[in-house]
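Asks: Assembling the complex is the task here: the two chains are given apart, and the hints tell you how they should meet.
Residue numbers (the working numbering), protein chains in the order written: chain A, 1 to 642; chain B, 1001 to 1372.
Since the hints were derived computationally from the structure, they do not count as laboratory data.
From the three backbone atoms N, C-alpha and C, an ideal C-beta is built for every residue, glycine too.
Be careful, since some hints might not be right.
[Stated by the list, open to error] Here's a subset of chain A near chain B, in silico, CB distances under 7 Å, partners left out:
no., residue
1, F18
2, A19
3, G25
4, V29
5, P141
As a plain string of letters, each chain reads:
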Amino acid sequence: MPNPRILIKDHSAEANLFARRTFIGLLVVFVMVAMVLTNLYYLQVSRFEDYQTRANGNRIKVLPVAPNRGLIYDRNGILLAENRPVFSLQIIPEEIDDLDITIQELSDLLEIDDEDVSDFYKDLKGNRRFKPVNLVNRLTPKEVALFSAKQHNYPGVSVEARLARYYPYGSALTHVLGYVAKINKKDLQKLSEAGFEANYAATYDIGKRGIEKYHEEMLHGEVGFQEVEVNNQGRIIRTLNFSPPTPGQDIVLNIDMNLQLEAEKAFDGKKGTVVAIDPKDGGVLALYSSPSYDPNLFVHGISSKNYKKLLTTDRPLFNRATQGQYPPASTVKPLLALAGLEEKVITPESRIYDAGKYQLKNVERIWRDHNPWGHGWVDVTKAIEVSCDIYFYDMAYKLGIDRISESMNEFGFGDYTGIDLHEEADGIMPSRGIVKALFNRPWYIGDTINIGIGQSYWTATPVQLTQAIVTLVNKGKRIIPQIIRGNMQNDEVILQGIRERRPIAMKDEHNWDVVLDAMYGTVNRKGSARKAFRGAHYISAGKTGTAQLVTIAQDEKYDAEKLSKKNRDNAMYVGYAPYDAPQIAVTVVLENAGHGGAEAAPIARKMMDNFFRDQTFPEHQVIEHLGQESENAETTEAEVQP
Amino acid sequence: MLRTKLAPNNRSFWDRIHCDVLLLLGLLVLMVVGLVTIYSAGGQDLGLIQRQLTRLAVALGVMLIVAQIPTMTYQKLSVYFYVIGVGMLIAVLVIGVSSKGAQRWLDLGVFRFQPSEIMKLAVPMMVAWYISRFNLPPKTWHILVGFVLVGIPTLLIARQPDLGTSLLIASSGVFALFLAGMSWRFISFVAIATSAFTPIMWIFLMKDYQKQRVLTFLNPESDPLGSGYHIIQSQIAIGSGGAQGKGWLQGTQSQLEFLPERHTDFIFAVFSEEFGFWGVVALLAIYAFIVIRGMLIAVKAQDAFSKILAGSITLTFFVYVFVNMGMVSGILPVVGVPLPLVSYGGTSMVTLLAGFGILMAISTQKRIMSRE
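Next up, chain B with everything else stripped away, as it sits in the complex (with noise of 0.2 Å):
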């Protein structure tokens, strides 16, 4: 870093408190964004506002918090996150609390809890411990293994069900494999077994309403009141929204309620109908620069673990995007994913920052560890 060259002997505030400057940069400017939109497309509601500061507020505590912790005590407490976590999976199943029609979470007597959560983090973090205690590249054998690791939170995931994170939690895990140094050979496997699974998948493990969601998918305009309507109504905003768009609180689909879950998981598309094609290039320029910074930061990682845990967590990052973009502007299935830092609410806001604090960790404690 620049800054490290021209004052090898005097670390910065923002190393000291193991801050990424320009990562925050990118998160801060998407969090504005997020505000700015909500406050449009939830009607000009300050209270909503207020409990999305708040949450942030908590998020970004709990950032730099996780941010503190060396990389080293990661790598040592990964088979455990990851054992409670699949651990409290199972009990969800078990003994889990209903809500919308899916077992998702824990009820903990104090709070409600979604393990879900937890293994967003954890997965990723068990097989990059796994396949790091090898010479890479890995073994087919141990591709195999870090699959299994993948496989059986991914299914228990799947049976709540929550398909959307079911997959994003799959493709974390497959992203560190990937990185890991999976051989090509392997991939083209995998993909040839997984359109093979496809079928099976469809028949055996998805629910009606899941199939809805894809038929509707792949053609919308069959029952436009009914569940077409979302994504109709989305594509509508968006598409009206032209180069320019129609400016902040001037977006009629979204203020005049035509939009579903405008401040939620379809906010992408009030974004687009009021700032534009040009306001949603410069959304994707940030996110773009968030990846490029995590993915940085993972090839200047000291050693595999964190190499392998930053890039699975910057990938996913924006898979995320991808597939909430991908969903609200009819590209891909409706799954239930938000906006990162730009939808309203959502425990994922939390598991993100942290996510992001890991990050920072690998980011700030390398150069720590170095001058060690």
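Isolated chain A, as found in the complex (with noise of 0.2 Å):
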């Protein structure tokens, strides 16, 4: 025996002891594995379904698709609205060490300004964990290749590609097409008020203004789902389900893209606005107002150098066409002949003597013509052709302000037109209680001495005179002037259809061909717009206006020398053309320009000229009227209120 020690032991009682504490050990390792099974059966069995749950809400993420955008189209087909993808540089913070020196790093490489950086690390505050952040919004093709090359040593920077829109076109047709830019927090609270929040989880930009905006629901289409599984840095490791987007509704304009383009060329940068629709259908086919301004910069978030820029006294972000609002002037001369005619105020056949003034029983002020030296005998027709003021200031003493207001809000003023645009005013049509109401002023005759040359009070927007001028050549047909023309589906164009008004109920019919025809005088023999539409392949109808801005004193000739530039008298011209089955409605408006004649009608015969550009006419002669026979050749287009 080795150890002389273990000799003295009491070798059997050592080992009962030792067997009993073995089992003991045993039996505390069988307690200890009952307790880690009972354990595990609780886990695994008893609340097995609550786990299974947990487990798969951890990879299970339901994440939106983003539908396409709908494309927008003119009339002919031409692209207006496009999505083209876009790069932006992402960045994962929580993958990311230090922020400052990666962002320092990458504006080595990328073309990244201090705004940029500012508004990442804005976002980067109460964003969710592993939800990537943008730090540069659009990336160039070449920093995409050039980033890409060294994207290995980035980990956590990323370039994410995304569809956003494009307007080709850029400032010829903002005021129409407006623009989308990213959802802010005052979208996402209406969003949320109307229950479209959900639908518009994963859309990035939303429509802004214009068409974008008011026909966002048809544009921007239905969201879509992804079941993605991910892993716990949120990647997505596979697609389990997905229900796809339903894309916005491809939509077509009125619009005729050439005849817009023309509308740009012809302003050329100078202040004012065009209108033309068609009277068939009251499709807007160009509406453009200067100066304008680039939509693209608003997709992509404009900078506020840029945006500044666009505050000026300009103000190219305010679209004439729809919120300027005009004194009407002469335009609306021909609507309240019909007014007289209706009235029987006036016939066809009646007549005044205007020597150039014209003055009220027991009232010293005194009107004056336009020509110092009056037009002579004058009648409805003349007096149109011509613009002639003493007669309409006449006809507006004899019709009274109650009268005129009631027929002229039958035309459309005072009221909006209901043209597809958010960005609408709608002008004053003024009576006694509408200038009571918002000047808090009596109304006095000679206030309605001068509604009769459609001064006063009285602003209209080009729209508002664009569509009366529609209703004119409808006789009495109402028709809302709107923009869009229809959807396409499989290549089709489903149109909206018309919208209309109720119409203008004329007692005799014969008024309307009466004050039709002194317009075709206007511009067909010797009227204010002859020398502006001389040669024309076509034959038009219109009536010139120009608009005072500032009250002429009484014995003080207007002179635009004097005047400061927006002061000066607002050009206009409404027209239309062919005369016999016209096709297209036309207002221009050009600020502090002068003469109606002389400057708006050489617009509104451009935008004819093009639009009849492919449309060839019978030779024509000019139809002379056969009342009273023009006694004074000399038309001057100028026009001079009182």
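Replies: Here is the structure:
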């Protein structure tokens, strides 16, 4: 035996003790095994469904998928708004050790300005874990290539492609299309109030102005969903389920892009606006407001520097065609004449003698004609053709403001036209009540006389004027102007249809012809727009207007040179063509330009020339008016109101 | 043994190489389970499997070498092991190498070395050697000395700090004392003293991160993305496995990396997720088999030193299993203890199999001695 100490030990007692202790040890082991198993039974069997749900919650994420925004075409199929891939640089902050250093390194590689960096840090606050944050919104293809080559150096930084709006015609169509831009807090609030929040879960941009805003619902489409399996980093491992988004509808506008570009060219930066509407269906053929701006600037977030440039006194953001409230001046004389004829205050044959002055009994004030020598004997036709002021002073006096106001309301003055743009003003059609309410002034008889030539408190938007002309050429049928023509379905245009208002009923239908003939005479006989349309290959009709912006004192003569530029007269023209079967009605306003016939009518001429570029009309002869022969051959375009 | 009885004069191959076949079988089954689970948890990385296989081969080699050394030699060397081990623990605290905030390593130039691993075997050896010199059951005085022998390395390791290992080493020593016949009165006293010591330990000995672990254990949902993340994800993995399991390579919690420390400390969660409750029952059965086999070897051992050492090694092995499963399933706080023979890597693998080598030495050499 090796160890002598063992000899004195009681081996069997020790063995028994040890066996007992071993048994107890094993017993404890089994109790512990039972504890572990009980706990696992609880986790895996009793609470299995609970943990299964949580495991699925971990790995399955439902991601919204943005629908592609509908495209926008003009009436001839020219693409006006498209979706182009843009590349943005994204950072997953959790995957980056030192953001400042990384951004510093990236800005050596790419063009990153301070605004990008400060926006990035702003977006970073309250960002969800592992959600990428944009650093640069728009990388050039060259920058994408530059970064891709070095991407392996920047884990956590990636280039993300998405589709963004692009407007190929830029500033030429801004006031029609408007633009889309990033959804902001206010948009989100509106969306959630309307219950559309879920539908925009993946959408980046929303219509902010113009057609993009007005027809947002059609253009946006329905959100899709992607059920994906993600790992602990939120990275998508695979797609489990995919219900694709429904893309927005492609829409077609009534706009004729060729005509629209002609408008841009005709204005050449001068302040003003032109609206062209198809009288047959109310379709807006062209709508241009000058100066304009590039909507693409807004799509990717306009820089504050660029935005400041748009806040000039020329107000490029302002849509003059629908928001500009101009005194309509002589352009409304045909409509007023219609009211006079209807109320039998005048007849087609009744005449007055215009000696250049108009005065009421017991009133000291003298109203003058724009022609200081007067137009002699004038009937309604000649009054419109030469834009005789005295005739309309007299007629307005006889009609009275109440009847004028009521009649002009019927033509849509003082009310929104309902054109499919949210940017619209309603203008003012004065009445006793409205002037009292708006200006807290009583109505004076002199106001009625000024209304006779479309001045006083009367303001109208160019689209209102155009709509009134459309109503006139349609002899009372009132069609609401509409920019959208329809939506594309399987390469076919589904027309939206014409929206109409209650038509104007005329006691004597012949009255329409009298007025329309006078507008024919304005262009084709010895009228105020004769020069502008000389040699046109179509027959048009129209009416000039020269809106006075400041009151000229009683015995003062209007002198453009003396007035500061912003107070000079607005040149205006309304017209339509062809005379016998109108296809286009045009309103032109050229701000502070002077005489309507000389300045505005040529733009209308250019528009019509362009519109009829592919149409030929049979040779025509000037239809001489059968009534009063024009005595005064001199037809100046100038019109000076009292 | 059956075989010995049938062929008393013709020792089997396994006896000649001092290998306990049943124990080896149990260990090999565990290793295979480990490899299969590591393959799944490690993203089907064959390199990982290769490294684990190498490690297992080395550890098995060490086990067989250790099994050849006579138990007598261990008895004689116990004191030297212990003294050298304690010396190195002191050295670690003075000149040790830090890693992950703890000073556990000794840089020996050629390789790094964790002295606490030696103590995993040296402490039970030392206690067994000391206590077996006297008649059993030991007197209170001997038990007290035994506690001092256990306490010194335990405190030194706790200072590193490595709370998990220090508790395991303490329990290996305490098991030895228990098996030697420590009186129940003393056991009750130790239990009371330990509970009294807990607040002192909390205030003076535990570092902030250790306290945090305990707090997290008590209420993991208080910080689901921070310190509670491990245990919540682990419980989700286990619970979502259900009775049948999701199937091998199909565990979403592990495959999609929601589960941290998948192939190391938390491999049990991967196993539970993929093989379910019945898989866990089977795994525990294998562990139980090894423990029973170990305790049987202890009971049948020739001398007190061997009995106490074998019993202590076996029970400590089980404590590893229990602590790991307990922490992964949320009934114990998270301490860095791998699941023995299943978890990937670790120096602990070699120590563990060296321990089984000693068991095999005890198991196979008794017959040789009885015949002499």
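Asks: Now tell me if each hint is right for this structure.
Replies: We went through each hint and held it up to the structure:
| no. | hint | verdict |
| --- | --- | --- |
| 1 | F18 | holds (5 Å) |
| 2 | A19 | holds (6 Å) |
| 3 | G25 | holds (6 Å) |
| 4 | V29 | holds (5 Å) |
| 5 | P141 | violated (35 Å) |
When held up to the earlier numbered hints, the structure conflicts with hint 5 and nothing else.
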